[in-house]
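Trainee: Chains F and S supply the protein sequences, listed in that same order.
Numbered according to our numbering, the first sequence spans residues 67 to 478.
Numbered according to our numbering, the second sequence spans residues 322 to 535.
Check before you lean on any hint, since a few could be wrong.
Stated by the list, open to error - Here are the simulated BS3-like cross-link-like pairs (lysine-lysine), alpha carbons at most 30 Å apart as the crow flies:
| id | chain 1 | residue 1 | chain 2 | residue 2 |
| --- | --- | --- | --- | --- |
| 1 | S | K470 | F | K174 |
| 2 | F | K223 | F | K257 |
| 3 | F | K363 | F | K226 |
| 4 | F | K359 | F | K223 |
| 5 | F | K452 | F | K280 |
| 6 | F | K429 | F | K257 |
| 7 | F | K429 | S | K470 |
| 8 | F | K223 | F | K367 |
| 9 | F | K136 | S | K491 |
| 10 | F | K383 | F | K226 |
| 11 | F | K280 | F | K294 |
| 12 | S | K470 | F | K136 |
None of these hints come from the bench; they were simulated from the model.
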Amino acid sequence: MPTDYAFPDSAAKTANAIEAPEFQTEKMSLSMGPSHPSTHGVLRLQLELDGEIVTGCDPVLGYLHRGDEKIAENMTYNQFVPYTDRLDYLAPLANNVAYACAVERLAKLEVPERCQAIRVICSEMARVSAHLLGLGAYGIDVGAWAIFLYTFTEREKLYKLFEELTGARFTTSYTRIGGVARDVPEGWVEKVDAFCDQFLPILENILNLLTRNKIFIDRTQGVGIISKADALAYGLTGPNLRGSGVPLDLRKDKPYSGYERYEFDVAIGAHGDCFDRYMVRGEEMRQSVRIIKQAIKSFPKGDWYSKDAVRIFAPRKDKVLTSMEELINNFMITTEGPQMPSGEVYFEAEVPKGALGFFIVSKGGGVPYRMKIRSPSFCNLSILPKVCQGNLVSDVVSILGSLDFVMGECDR
Amino acid sequence: MSSPAAAPATDLLAVLQARFPAAVARPSGDHPAFNLPMAEVPAALRLLRDEHGYDLLIDVTAVDWDVEASPRFSVVWHLLSSTAHGYVRIVAACADDAEPTAPSVVSLWAGANWHERETFDLMGIRFTDHPDLRRILMWDGYPFHPLRKDFPLAGIETPLPDLEVADITKATVLPAPMMGGPFVASTGEMNLTEAEPRAKDESWNERNAKPAVL
Numbered sequence: 067m068p069t070d071y072a073f074p075d076s077a078a079k080t081a082n083a084i085e086a087p088e089f090q091t092e093k094m095s096l097s098m099g100p101s102h103p104s105t106h107g108v109l110r111l112q113l114e115l116d117g118e119i120v121t122g123c124d125p126v127l128g129y130l131h132r133g134d135e136k137i138a139e140n141m142t143y144n145q146f147v148p149y150t151d152r153l154d155y156l157a158p159l160a161n162n163v164a165y166a167c168a169v170e171r172l173a174k175l176e177v178p179e180r181c182q183a184i185r186v187i188c189s190e191m192a193r194v195s196a197h198l199l200g201l202g203a204y205g206i207d208v209g210a211w212a213i214f215l216y217t218f219t220e221r222e223k224l225y226k227l228f229e230e231l232t233g234a235r236f237t238t239s240y241t242r243i244g245g246v247a248r249d250v251p252e253g254w255v256e257k258v259d260a261f262c263d264q265f266l267p268i269l270e271n272i273l274n275l276l277t278r279n280k281i282f283i284d285r286t287q288g289v290g291i292i293s294k295a296d297a298l299a300y301g302l303t304g305p306n307l308r309g310s311g312v313p314l315d316l317r318k319d320k321p322y323s324g325y326e327r328y329e330f331d332v333a334i335g336a337h338g339d340c341f342d343r344y345m346v347r348g349e350e351m352r353q354s355v356r357i358i359k360q361a362i363k364s365f366p367k368g369d370w371y372s373k374d375a376v377r378i379f380a381p382r383k384d385k386v387l388t389s390m391e392e393l394i395n396n397f398m399i400t401t402e403g404p405q406m407p408s409g410e411v412y413f414e415a416e417v418p419k420g421a422l423g424f425f426i427v428s429k430g431g432g433v434p435y436r437m438k439i440r441s442p443s444f445c446n447l448s449i450l451p452k453v454c455q456g457n458l459v460s461d462v463v464s465i466l467g468s469l470d471f472v473m474g475e476c477d478r
Numbered sequence: 322m323s324s325p326a327a328a329p330a331t332d333l334l335a336v337l338q339a340r341f342p343a344a345v346a347r348p349s350g351d352h353p354a355f356n357l358p359m360a361e362v363p364a365a366l367r368l369l370r371d372e373h374g375y376d377l378l379i380d381v382t383a384v385d386w387d388v389e390a391s392p393r394f395s396v397v398w399h400l401l402s403s404t405a406h407g408y409v410r411i412v413a414a415c416a417d418d419a420e421p422t423a424p425s426v427v428s429l430w431a432g433a434n435w436h437e438r439e440t441f442d443l444m445g446i447r448f449t450d451h452p453d454l455r456r457i458l459m460w461d462g463y464p465f466h467p468l469r470k471d472f473p474l475a476g477i478e479t480p481l482p483d484l485e486v487a488d489i490t491k492a493t494v495l496p497a498p499m500m501g502g503p504f505v506a507s508t509g510e511m512n513l514t515e516a517e518p519r520a521k522d523e524s525w526n527e528r529n530a531k532p533a534v535l
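Working from the sequences, and respecting the hints, build out all of it.
Mentor: Below, the structure is given as structure tokens:
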């Protein structure tokens with residue numbers, strides 16, 4: 067696979083060639099962020115510049131550190147669900163699902179097929195929504211304003227659907243350990259289906275605005291190349307890893323929540339540059355829609371929560387109000403938390419940004435003893451010092467946008 | 322790098338024990354997990370990466386097994402094979418409970434750099450031979466390691482990161498308002514540990530001053 071081929075018109079290359087003594091000046095230190103439009107949140111880059119060329123890059127994190135892992139040790143498993151919304155706050159539903167699956171892995175609990183299908187639809191809708199935002203913002207970063215308006219119109223339609231399902235547009239908190247908060251409302255699945263049908267042609271329009279756009283191509287092709295070996299060495303996951311040509315997708319390779327039932331392709335890049343990462347995300351949205359359509363077509367009837375999980379999933383409200391047994395159980399689950407066995411598990415799910423992992427150490431009971439959140443954005447950003455080196459300052463903006471990170475998840 | 326298939330769990334134990342006789346299987350809820358002596362971890366990880374296809378260092382973290390426990394800290398590594406798609410967990414206990422150290426694996430995976438910085442920052446494990454062991458999430462000069470079990474959930478009063486600002490404003494970083502704060506009921510005469518057993522931290526309330534240091 068060609069990873070280090072030459073790009074004849076790369077501006078950085080031309081600038082590198084200028085070695086005449088009159089261009090040799092002192093190095094400059096530039097602080098980019100924490101509130102810079104291209105850092106998409108509160109990331110600060112301490113850049114060292116030689117003219118326009120980046121000779122050093124030190125990302126400064128932690129502006130959004132809230133101590134989620136410490137908080138998790140002090141509350142029950144269900145109480146932590148809202149905190150997972152605030153990890154990758156552009157795809158809260160996908161985080162909810164990843165977290166619920168992780169804790170269920172600890173309890174060795176299988177949820178019914180309908181619940182799995184709901185979770186798959188939620189994850190994929192979240193993926194489409196997150197990639198739409200990523201693409202729109204990326205367009206703005208590199209000078210293509212119009213695309214933002216198209217992607218946000220579509221995102222708004224998704225948010226309407228999220229609101230109907232969960233009661234919240236943004237912070238969904240939809241999953242519970244052993245199920246979801248409530249069944250899908252009547253007619254909701256059909257609405258999602260209708261959204262998918264009208265979305266596909268619009269998605270093609272959106273991608274056409276960028277894929278053949280000369281300015282966009284010039285800003286992204288051949289910029290920020292990450293080789294396959296580097297991508298693996300830095301623990302990249304998700305579209306950033308696949309953009310470098312490694313076909314690792316946990317939905318395919320470690321299927322969870324019934325992903326093995328759906329047909330979809332894993333898109334990979336050939337060069338590992340910013341353009342490839344963009345193309346991978348574009349294709350992922352098409353595949354997500356494909357998965358949603360399949361899940362809706364075979365949408366199972368039945369339970370939407372695990373009936374075996376007596377001491378984990380809170381009983382139905384009507385039962386709580388009429389039966390002593392259920393009332394006590396509801397009280398116990400609310401106050402003590404869902405009862406988990408002791409043990410150690412590590413579960414990763416493929417969320418829009420990559421592999422979101424939860425390492426849970428349990429000593430039994432309703433509260434985790436230790437919970438480590440492995441955030442994909444954190445690992446994806448760790449390659450920045452290497453990949454920014456030798457690029458122009460303006461290319462740093464391209465690279466940041468193409469890595470598509472979220473600081474809420476990076477800093478936790 | 323060639324990509325040999327990841328070996329099943331039982332074989333992995335045999336593979337590890339052939340080179341590292343002290344390796345033992347560790348109880349695990351899911352993936353194969355092994356306990357190793359701390360000094361042998363880099364060599365074992367290299368073996369798993371180069372000869373058994375575990376080419377992705379997914380995560381490095383640590384667990385504090387309680388203030389009185391000995392060994393108090395364990396460091397945990399998770400590897401994933403990008404070709405055979407299996408995980409493996411390696412756990413090693415830190416010998417020193419007061420000054421826990423672990424060998425750095427940055428030379429094997431460049432991505433370990435930030436993971437180890439985070440583990441140092443939040444748990445206080447020192448990684449020997451790390452090229453740049455600074456704090457990463459908390460600010461430079463922050464005096465505590467917040468994920469340790471003896472660090473209270475509410476936090477501890479510390480100086481502001483910017484000393485110039487601290488000088489002018491006389492402000493400090495205050496613990497979270499767990500009592501008397503919004504949506505928090507007053508515990509009356511009780512201290513928080515009695516009133517809310519899960520908030521296992523302060524023995525102070527409105528009447529008893531909070532401890533200055535840990």
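Trainee: Compare the structure with each hint and give your call.
Mentor: Hints, verified against the model:
no. : hint            : verdict
1   : K470/S / K174/F : 27 Å, holds
2   : K223/F / K257/F : 10 Å, holds
3   : K363/F / K226/F : 21 Å, holds
4   : K359/F / K223/F : 17 Å, holds
5   : K452/F / K280/F : 27 Å, holds
6   : K429/F / K257/F : 43 Å, violated
7   : K429/F / K470/S : 14 Å, holds
8   : K223/F / K367/F : 26 Å, holds
9   : K136/F / K491/S : 28 Å, holds
10  : K383/F / K226/F : 26 Å, holds
11  : K280/F / K294/F : 27 Å, holds
12  : K470/S / K136/F : 9 Å, holds
Consistency note: the structure conflicts with earlier hint 6 alone.
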